[in-house]
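Asker: Here is what each chain is made of, one letter per residue.
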Amino acid sequence: MGRSIAIVEDEPLIRANYVEALNRFGYDTRGYGSRQEASTAFAMRLPELVIIDIGLGDEPEGGFDLCRELRAKSPTLPIIFLTARDSDFDVISGLRLGADDYLSKDTSLHQLAARIAALFRRIESMKAPASSETVIEHGPLKLESERMRITWNNEEIPLTVTEFWMVHTLVRFPGHVKNRDQLMREAELVVDDATITSHIKRIRKKFIAVAPDFDAIETVHGVGYRWRP
Amino acid sequence: MTLRRKLLLVALCTLALPVAGWLYVRQMETLLREGQAQALVASARAVARSLVVTHAPLPPGGAGWYVQQAANPITVDGYGDDWAPLTPWSQALGKRGKLLLAEDRDWLYLYVDVRSTHRTRADAADANALAADHLILQLRKGGESRRYLIASSAPGPATARPLDPAVQRFPEWIATQWQEDGSGYRVELRLPRALGLDGLGVGIYDAAAPDGDAQAADLRPLLGYSAELSHELAQLAPENVRARVLAPQGWLLARSGRLGNTAVPAGEQPGWFASLVYRSLLANQLEDAEPWTDDAPRLDVHEVNAAAGGTPATLWRQGEARGSVVLAAAVPVEQGGKVQGVLLLEQSSRAVPLLANRALLGLLATSFGVLLVAGAILLAFATRLSLRLSRLRDAAERAQANDGRLDGQMLARFPMTDAQDEIGDLARSFERLFEVVGGYTDYLRTLASKLSHELNTPLAIVKSSLDNLEHSLADRDALPPEAAPYLARARDGVARLGTLVRAMSEASRMERAIAAAEPEDVDLAEVVRGCADAYRPLAGTRSLDCLLPDGPLHLHCAPELIAQALDKLFDNALSFTPENGWMRLSLRTVGDEAEIELANQGEPLPAAMQGRLFDSLVSLRDKARPGDVPHLGLGLYVVRLVAERHHGVASARNLEDGSGVAFTLRLQGMPRQRL
Chain A
45 MGRSIAIVED
55 EPLIRANYVE
65 ALNRFGYDTR
75 GYGSRQEAST
85 AFAMRLPELV
95 IIDIGLGDEP
105 EGGFDLCREL
115 RAKSPTLPII
125 FLTARDSDFD
135 VISGLRLGAD
145 DYLSKDTSLH
155 QLAARIAALF
165 RRIESMKAPA
175 SSETVIEHGP
185 LKLESERMRI
195 TWNNEEIPLT
205 VTEFWMVHTL
215 VRFPGHVKNR
225 DQLMREAELV
235 VDDATITSHI
245 KRIRKKFIAV
255 APDFDAIETV
265 HGVGYRWRP
Chain B
11 MTLRRKLLLV
21 ALCTLALPVA
31 GWLYVRQMET
41 LLREGQAQAL
51 VASARAVARS
61 LVVTHAPLPP
71 GGAGWYVQQA
81 ANPITVDGYG
91 DDWAPLTPWS
101 QALGKRGKLL
111 LAEDRDWLYL
121 YVDVRSTHRT
131 RADAADANAL
141 AADHLILQLR
151 KGGESRRYLI
161 ASSAPGPATA
171 RPLDPAVQRF
181 PEWIATQWQE
191 DGSGYRVELR
201 LPRALGLDGL
211 GVGIYDAAAP
221 DGDAQAADLR
231 PLLGYSAELS
241 HELAQLAPEN
251 VRARVLAPQG
261 WLLARSGRLG
271 NTAVPAGEQP
281 GWFASLVYRS
291 LLANQLEDAE
301 PWTDDAPRLD
311 VHEVNAAAGG
321 TPATLWRQGE
331 ARGSVVLAAA
341 VPVEQGGKVQ
351 GVLLLEQSSR
361 AVPLLANRAL
371 LGLLATSFGV
381 LLVAGAILLA
391 FATRLSLRLS
401 RLRDAAERAQ
411 ANDGRLDGQM
421 LARFPMTDAQ
431 DEIGDLARSF
441 ERLFEVVGGY
451 TDYLRTLASK
461 LSHELNTPLA
471 IVKSSLDNLE
481 HSLADRDALP
491 PEAAPYLARA
501 RDGVARLGTL
511 VRAMSEASRM
521 ERAIAAAEPE
531 DVDLAEVVRG
541 CADAYRPLAG
551 TRSLDCLLPD
561 GPLHLHCAPE
571 LIAQALDKLF
581 DNALSFTPEN
591 GWMRLSLRTV
601 GDEAEIELAN
611 QGEPLPAAMQ
621 GRLFDSLVSL
631 RDKARPGDVP
641 HLGLGLYVVR
651 LVAERHHGVA
661 SARNLEDGSG
671 VAFTLRLQGM
681 PRQRL
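Going down the list, the sequences are from chains A and B. Residue numbers for the first sequence follow the working numbering, beginning at 45 and rising by one. Residue numbers for the second sequence follow the working numbering, beginning at 11 and rising by one.
Bear in mind the hints are in silico, worked out from the structure with no lab data behind them. The beta carbon of each residue, even a glycine, is placed where N, CA and C say it ideally should be. Misleading hints may appear alongside valid ones.
Capping the alpha-carbon separation at 30 Å, the derived lysine-lysine pairs in BS3-like fashion look like this [to be verified]:
#, chain 1, residue 1, chain 2, residue 2
1, A, LYS245, B, LYS460
2, A, LYS245, B, LYS578
3, A, LYS250, A, LYS117
4, B, LYS105, B, LYS460
5, B, LYS460, B, LYS151
6, A, LYS171, A, LYS117
7, B, LYS151, B, LYS108
8, B, LYS578, A, LYS249
9, B, LYS348, B, LYS108
Computed, partial: chain B to chain A, Cβ under 7 Å [claimed, not checked]:
#, residue
10, LEU205
11, THR467
12, ALA470
13, SER474
14, SER475
15, GLY508
16, GLY540
17, CYS541
18, GLU570
Given the sequences, and given the hints that come with them, work out the whole structure.
Answerer: And the structure:
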């Protein structure tokens, strides 16, 4: 039996599609139509990963509430927001609540599966010792691609999977300007320019929270971003 | 016509005030006059009665011959030269004759002028004298009378021959002078006053047209100015009144008194202006003074005739002195029911015009003042009204220009909604109207993003179903090869639908992103240079110049937003620039603002679009070709939002030489946020 995944989604057709697809990918997936239903089930047993729609039935912010509830129960449980909403505000609120990633419903099932796999891989690799081959070091930055973990002066930067991939893209070729399209492709994300900008901003903030003088990510106006060599 | 002018016109209705006052003053003046006239008639009646009661020497009533006072010495010569001053008052005699009578201290003169072209001449002594042209003269004293025949066959002295037997003291012969010319003949004679005649008869006999008795004479009593009667009158007449006694035919019989100045102190003599005002505004029905002269022997005026008919009459006429009026009252002097004469009293009056003038001038001054005050009040009122209305209009126009929102900053309320009057009602109606319009505009604005949000879910169903279909069949190798193209087409359709839905919600996402952007200190020149460098490869065959200031241009702004706005402008410019055309990106400072301008070669902007170019969902582009990403006209709207976020403006204009267009972004630094 595969890993257990819970999908909380009020739209039955989407829920069914996702459940069937993830089951086909080898996960043990269950769908829940409302916050109450999900809460009841999670009280019995926590799944290993939760995918939550923000708007649940007549609770437009029900997904956020559920996320807060789950995060209180388990600080490490991977949570992915999946929603038709794609504005920055929702992304920011969701991530601030401790969600690990945020995907729009535009995302194909392939991407979803890849994202889930990445999250699980990260959790797995956290438990295993670091393997030296996959580590990229650049000044105070240390990037372990297997564990999807980034440290700055040995302090961990809490990045989401999407953010990790973005940083990974930049760091692999320091000094090269990566435009937004490239970043999007690498992160397997289909969002518009503004969302890329806000992702970069959030990444900078996370670095600055650890190292106030951080300025390694440079904006090349009109083109994109690059990692200062 | 503005409200103020209209109200000023309305203020003119206060002019009715002086008009009403003027009518009132006239009425008052008329009443005063009537009162005076009645008083004068009453006193005239009293005088007339007194004349009768005191047996004043009044002539008998009926027609008479009036004897004028000879002003100049009269020579009896048959010529009328010395009669000239008296001629205007000649008395008609028969059909063709005129009679003039005059007297001096001793003599009574007689002058007869007869028009006659067919003469039959004979001397008075001739036997057939009565059949020829002749005059009959009849003298009367008491009950006795004697007739004389006057005729002459040649000009010169002629002697009148008596027709009746001798009467005591009446002369036997009377010397006359006879003169003639082509138009007729004239006879002049004189009689001693000592005869004491009380009646005189004159008859004309024309042989060419005989009518009636050849010896007939028109016998009438003699009338004349009587010193005795004047004396009597002087005792009876009131002071400051000119009294005249007239025969019923208007002949002056007696006279006394003068038109005095009624008690008006010299200081209150009306000036020429007051006289003019009086004459032009108040004094109607004033008769001319001409026929009323003091020394005229006859007053042939309507009032005298009316009084001779037994009816008292009054008249206001102009006085001799400036600004004065004269009231004349004529009453009959009756004895035993028979009108023997007419008593005429004339009173000069200045008090009336003075009073009326004062009232009128006072009224004019008052009403003029009232007019001024009313006009000023109305003007102030109208000004306030039109100010309020124009404020309302300005607010409405501003709101209209802002899609129903009152201001960019959403000024809290419409002006004057607190007013209690109709303008307040209007303002409240406007406010409600614009609330509705604003709500509608907001609804339209958000419709696309709401719609796209709702479309996302079914889109996701279709998309995930297609994924599932493909995977589940592919896993089992059950996907028929002929189904693959259909699946691909379905995916393609879904992808396009997804793009469309994303584009629809782009505006609202952009608005939120722009509102959330955080400013930082940057060198704007760097940003613009970076953008220009990035655009060059995209420009292809078109040239792109970049004009930057020499030094750095620091601004507290959101560079991502500015770069984004430039992206949109560049994208826009690129699609309108012809192959091998030029584009020019420039940055400069204007005051404390930074101005970024992107000019490009191309067609000028249509005039109709100029104001709306930066509105949402407005596009100049042709319809997208099939398969293109739909163009929703959001680009320039984003540019405008970015400019507004920087407290600046975005504008577009045609270049002066007509070679292209320029889009300009004016930016100010964003306010620094407190950390």
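Asker: Does each hint hold? Answer for all of them.
Answerer: Against the structure, the hints:
Restraint check: the Cα-Cα separation between LYS245/A and LYS460/B comes to about 27 Å, which is no more than 30 Å; the hinted pair holds. Only pairs whose Cα atoms come within 30 Å are accepted, and LYS245/A paired with LYS578/B is accepted, the gap being roughly 22 Å. With a C-alpha separation of about 24 Å, the suggested pair LYS250/A and LYS117/A falls inside the 30 Å cut-off, and the hint holds. Restraint check for LYS105/B and LYS460/B: not satisfied, since their Cα atoms lie roughly 121 Å apart, outside the 30 Å limit.
Distance restraint check for LYS460/B and LYS151/B: the Cα-Cα separation of roughly 137 Å exceeds the 30 Å cut-off, and the hinted pair is therefore not satisfied. In summary, the hint linking LYS171/A to LYS117/A is supported, as the alpha carbons are separated by about 20 Å, within the 30 Å threshold. Restraint check: the Cα-Cα separation between LYS151/B and LYS108/B comes to about 23 Å, which is no more than 30 Å; the hinted pair holds. Distance check on the hinted pair: LYS578/B and LYS249/A sit about 28 Å apart at the alpha-carbon level, within 30 Å; holds.
Restraint check: the Cα-Cα separation between LYS348/B and LYS108/B comes to about 28 Å, which is no more than 30 Å; the hinted pair holds. Proximity of LEU205/B to chain A is violated relative to the hint, the smallest CB-CB distance being about 144 Å (cut-off 7 Å). For THR467/B, the interface hint holds, since its Cβ comes within 7 Å of a Cβ in chain A; the closest pair sits about 5 Å apart. The criterion of a C-beta within 7 Å of any C-beta in chain A is met by ALA470/B, whose closest approach is roughly 4 Å, and the hint holds.
The beta carbon of SER474/B comes within 4 Å of a beta carbon in chain A, closer than 7 Å, and the hint placing it at the interface holds. The closest approach between the C-beta of SER475/B and any C-beta of chain A is roughly 6 Å, which is under the 7 Å cut-off, so the hint is satisfied. About 6 Å separates the beta-carbon of GLY508/B from the nearest beta-carbon of chain A, less than 7 Å, and the hint is met. Taken as an interface hint, GLY540/B checks out: its beta carbon lies about 4 Å from the nearest beta carbon of chain A, inside 7 Å.
Satisfaction of the interface hint for CYS541/B is found here, the shortest Cβ-Cβ separation to chain A being roughly 4 Å, below the 7 Å cut-off. For GLU570/B, the interface hint holds, since its Cβ comes within 7 Å of a Cβ in chain A; the closest pair sits about 5 Å apart.
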